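Here the protein sequences come in this chain order: A and B.
Residue numbering for the first sequence follows numbering that gives the first Met the number 0, starting at 0 and increasing by one per position.
Residue numbering for the second sequence follows numbering that gives the first Met the number 0, starting at 0 and increasing by one per position.
Please keep in mind that the hints were generated in silico from the structure rather than gathered at the bench.
All values reported here derive from a predicted model rather than from experimental measurement.
A couple of the hints might just be wrong.
Lysine-lysine pairs mimicking DSS-like chemistry, simulated, CA-CA at most 30 angstroms apart [to be verified]: (1) B:Lys-28 x B:Lys-254; (2) A:Lys-201 x B:Lys-93; (3) B:Lys-154 x B:Lys-139; (4) B:Lys-20 x B:Lys-139; (5) B:Lys-28 x B:Lys-106; (6) B:Lys-139 x B:Lys-158; (7) B:Lys-158 x B:Lys-106; (8) B:Lys-254 x B:Lys-271; (9) B:Lys-328 x B:Lys-254; (10) B:Lys-106 x A:Lys-201; (11) A:Lys-201 x B:Lys-20; (12) B:Lys-139 x B:Lys-106; (13) A:Lys-359 x B:Lys-158; (14) B:Lys-97 x B:Lys-154; (15) B:Lys-106 x B:Lys-20; (16) B:Lys-271 x A:Lys-359; (17) A:Lys-677 x A:Lys-598; (18) B:Lys-97 x A:Lys-201.
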Amino acid sequence: MTGTALPELSPAGQQSAWFRLRWPLVAALGVVLLILFRGTLPGWAITPPDLWTTSLPLPFLIFGDGFFPAPTIKGSSVADWFNGIVGVLREHEIFGLFTFRDVTRGIAGLIVWPLEFSEDLLISGFSDWGIPPIPWVVTTALAGILGWYLRGWGLGLLAATCIAYCAVFGKWELAMTTLSLVLVTAPIAILIGLALGVLALKSRRFERALWPVLNLMQSLPHFGYLIPIVVFVGLGHKAGAIATILFALPPMAKITIVGLRGVSEEVLEAGIMAGCTRRQMLWRVRIPAARPTLMVGVNQVIMQCLAMVVISAFIGARGLGIDLLFRLQTLQLGRALESGIAIVLMAIALDRLSQALSEKEPVHRQDGPFWSVQPYLTAAGLAAATGILLAYLVPEAGQLPREMTVTLAPQWDLVIRGVVSALYEPLSFIREYLPPYVLIPIRTFFEQLPWTVFLGAVGLCGWVLGGWRLAALVGAYIGFIVLSGWWTEAMVTTYLVFVAVVICTIFGFPVGVWASRRDRRTRVVAFLCDTFQTFPSFIYLIPVVMLFQVGTISQIMAIVVYASIPVIRYTYVGLRAVPHSMVEAAVSSGCTPSQILWKVRMPLAFPEIMLGVNQTIMFGLFMVMIAGFIGGNFDLAREIFKAKAQNDAGLGLLLALCVAFLGLTADRLISAWASRRKAQLGLT
Amino acid sequence: MAEPVILCRDLWKIYGPEPTKFLARHDSKPTPEQFEQSGHIGAVQDVNLDVQPGEILVIMGLSGSGKSTIVRCLSRLIEPTHGQVIFQGTDLLKATEKEMIEIRRHKMGMVFQNFALLPHRTVIDNVAFPLEVQGVDRAKRHERALEIIELVGLKGREKYYPRELSGGQQQRVGIARSLAVEPDVWFLDEPFSALDPLIRREMQDEFLRLQNLLHKTIIFITHDFDETVRLADRIAIMYEGRIVQLGTAEELVTKPATDYVRAFTRDIPKAKLLTVASVMGPADGNHSDGPAVSDDQLIGDVAGLVVGHDRPVTVRNGSGSVVGSLTRKQVVDALFANGS
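Chain A with its partners taken away, still in its complex shape:
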């Protein structure tokens, strides 16, 4: 056995922190000096010259003469190069028969079948056979019974209310269109994610290749999916479905890998000892035993699907999203709010139902007559039968005619006007002081920041936190942006996210600390965070547009509203997760409550809080792109909207990658720091 000696203190360990950090400090000083005296730097070191970004020595694309011809590349920038590939995929005919785009369109065509089926079922009915759609009263009742079965009558009531709202407020068709998109895309995303996870389990090599791809996919903003999809599938409803599936599957794949690997060793051994073959091990032992973890993935996929379905309105997916988008663009705020509430209610219902599903523990059944063994099935059958009969007798129970629906839009408009005018004065200082004294100076700083200095600083952080490997990785991310030709725009995006994240932290950190101090506060704040997090990000534009109209402040405020959640959550979770024994030790040493907070809890929770900030940055980058269409800055979001308008897939992908790399840079650096710090503190 190896006797583990105490790790010897290196000489550096005994010296002051200042001495240990001398090189990083020197380098940081250098960065500051370079920024101050940037005038002395040559021009190419400040903004990447056009010559670099437009005539890159990119490998000329030749795939042999037979299968793939050399694509025609118009210029020599990364975007052109991407478009070269896109062009081949689009136009070149494999075996002279069909193009790659035909294949993708063909596959996408398959999605039309289940989509039409579920829409027929929920909205329009099967006209060929003269079968009417499910009456809205039945849909409502079934949602209620599902909630009752999964958790109890409380959840049943909630689910039924959410569905009924859509009917009563005249959003039935829109809401059911959105719902059927989710109902069709989520299972497909779940199955693909599951399949990827199973493959990764079988082959370590596949897992190693898959993981970075999933990381990249998860940091691509929504438009990174939407624009290429437009090229390969086309505009419209099914394109939205395909984009949604792609967007929602990475978390499922990741959770599947983690879940399948996390099954207890003993359970696996029990399976082997029972004489399971490999296939039986997977299907009868591993996957069922990982069910609770997999169900967490199912919940995430459903919520991701809903968020993406709403945003897919930008490429023509029908449903509540397009309604909301239209109302926002035409500033019909009352109507926008009404659609927004429908989306929010749907989010709450889907989240709570799928969460209840994941938490549902099996319970044994007593013997007895069918209705007592299967009370939920019986109730569902009864509800369906009575509902259909009712719809037969009273048509209003089948489809609520438009004149019987209610709208509160005028009232909402009044409320909004009231709120806006009440808040106009209090908020005016933001409008007056934020731009000249805060925003413009920071923007100028970022715009004028020499790329060499930024790259150097990022590389240096990487080197200090994770050695040359991390430095090379983050250096490559930033290098890509430098050569992409969109440096200044990327810096404007960075500035927007930076300001928003600082505001999020200033606001979210104290809230998190406050929430961590009492059990009841934690419960309330946790409930609010959970609820707000389920809302599709698009929703947050409504209050922002209400209060700040359009412009930079709106764009930043949209990020702040959406991205504050992780800071708050990670702060109270981190502070509360400090081991009880340490707190007891502090109490018995005579610490006051505030000493316990600042001297014990805070240092131990700090790495976790930084992970919250990290998450906030990722959320911020997602939101900065969505809010781009109300922002009007010369940032990546504006360019991506332009690329979308021009169907420029290569450019769209390039811009999305720039955003992803900004996010990944922050993510890699902060995670490296946090895991190192946690290891130092012995919290692993």
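Given chain A's structure and the hints, the job is docking chain B onto it.
For chain B alone, kept in the frame of chain A given last:
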């Protein structure tokens, strides 16, 4: 002796960068220093073991001594680095995956420390699981499962899910599952360690009752010496991957092979372990009068009699002839001397 059910020869399990080469390089006799230098860990080292039909062999040792690794090598849940495991005449380490599956399906059963029940299956489906993977049809496997569920005293709970049962009940399900295929050899890996002491005792009684009915060949892993003494026919004591002594409980106490075994057995209640035969002196010739005890009685059972008697007590064997005598001093020494 009958032919052993399991025979294991020169068994090694080494963890580290290149276990096989490491073992070959040191001619199958690496020293602890060589292990440390090369970064290898010898979880099981040079183990030789035979398991006789119908016996309860307890492998005991502290955590990290390699006892769980041995039992996993015997069932090939872990691939041994070197050695032979002969199971009913065939070398398990040469068996193909398919053959191993067949052997496990019909001849081996295993009980786990943390029960290892499948959480999504009811009691009856857990117990029937080994039959299900063999392809036994539903009616048949449920019939068999019900039989065993009744045997382990869980009748009426067939439709419960594991999480609805107490720890003791869950382990009963684990036991039932391992017996479903009527295995020839039964591995129990610390089956009662996760249970609280009262339940543990109850389960040990239950286990002995089952064994009286079934007469399985058993390899039982534990770190609890009281449990060992209660259940074992023979005991293997493990220390740092090696079996340091293999014998009956009495042999371990009276003739410890190493200081480690001596230290280990020092505090055990000897009254329930030592027989009169192992403590008595030679017959003193003066044996016709006074009470007599039998040589296979436990010291604890005769102590009152001997201590309350001034003169040595006669010891007779099963056929009634005198084989020795027992003095007050011998009893007191055996009970209270600290193993020296």
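Structure-based check of all given hints:
A distance of roughly 27 angstroms separates the Cα atoms of Lys-28 (chain B) and Lys-254 (chain B); the hinted pair therefore holds under the 30 angstroms criterion. A C-alpha spacing of about 24 angstroms is found between Lys-201 (chain A) and Lys-93 (chain B), which places the hinted pair at or below 30 angstroms, so the restraint holds. Between Lys-154 (chain B) and Lys-139 (chain B) the alpha-carbon distance is near 17 angstroms, which keeps this suggested pair within the 30 angstroms criterion. Restraint check for Lys-20 (chain B) and Lys-139 (chain B): not satisfied, since their Cα atoms lie roughly 49 angstroms apart, outside the 30 angstroms limit.
For the given pair, Lys-28 (chain B) sits about 33 angstroms from Lys-106 (chain B) by alpha-carbon distance, which is inconsistent with the 30 angstroms threshold. About 17 angstroms separates the Cα atoms of Lys-139 (chain B) and Lys-158 (chain B), which keeps this hinted pair within 30 angstroms; it holds. Note on Lys-158 (chain B) and Lys-106 (chain B): the hinted pairing holds, with a Cα-Cα distance of about 27 angstroms set against a maximum of 30 angstroms. Proposed proximity of Lys-254 (chain B) and Lys-271 (chain B) is supported: the alpha carbons are some 17 angstroms apart, at most 30 angstroms.
Taking the CA atoms of Lys-328 (chain B) and Lys-254 (chain B), the gap is near 20 angstroms; set against the 30 angstroms cutoff, the hint holds. In summary, the hint linking Lys-106 (chain B) to Lys-201 (chain A) is supported, as the alpha carbons are separated by about 28 angstroms, within the 30 angstroms threshold. For the hint linking Lys-201 (chain A) to Lys-20 (chain B), the alpha-carbon distance of about 27 angstroms falls within 30 angstroms, and the restraint holds. A C-alpha spacing of about 19 angstroms is found between Lys-139 (chain B) and Lys-106 (chain B), which places the hinted pair at or below 30 angstroms, so the restraint holds.
Distance restraint check for Lys-359 (chain A) and Lys-158 (chain B): the Cα-Cα separation of roughly 17 angstroms lies within the 30 angstroms cut-off, and the hinted pair is therefore satisfied. Taking the CA atoms of Lys-97 (chain B) and Lys-154 (chain B), the gap is near 35 angstroms; set against the 30 angstroms cutoff, the hint is violated. At roughly 33 angstroms between alpha-carbon atoms, Lys-106 (chain B) and Lys-20 (chain B) are farther apart than 30 angstroms, so this suggested pair is violated. For the given pair, Lys-271 (chain B) sits about 50 angstroms from Lys-359 (chain A) by alpha-carbon distance, which is inconsistent with the 30 angstroms threshold.
Between Lys-677 (chain A) and Lys-598 (chain A), the direct Cα distance comes to roughly 16 angstroms. Compliance with the 30 angstroms bound is thereby established for this hinted pair. For a cut-off of 30 angstroms, the pair hint linking Lys-97 (chain B) to Lys-201 (chain A) stands: about 19 angstroms separates their Cα positions.
Figure legend: structure checked against the earlier numbered hints; hints not met, in rising order: 4, 5, 14, 15, 16.
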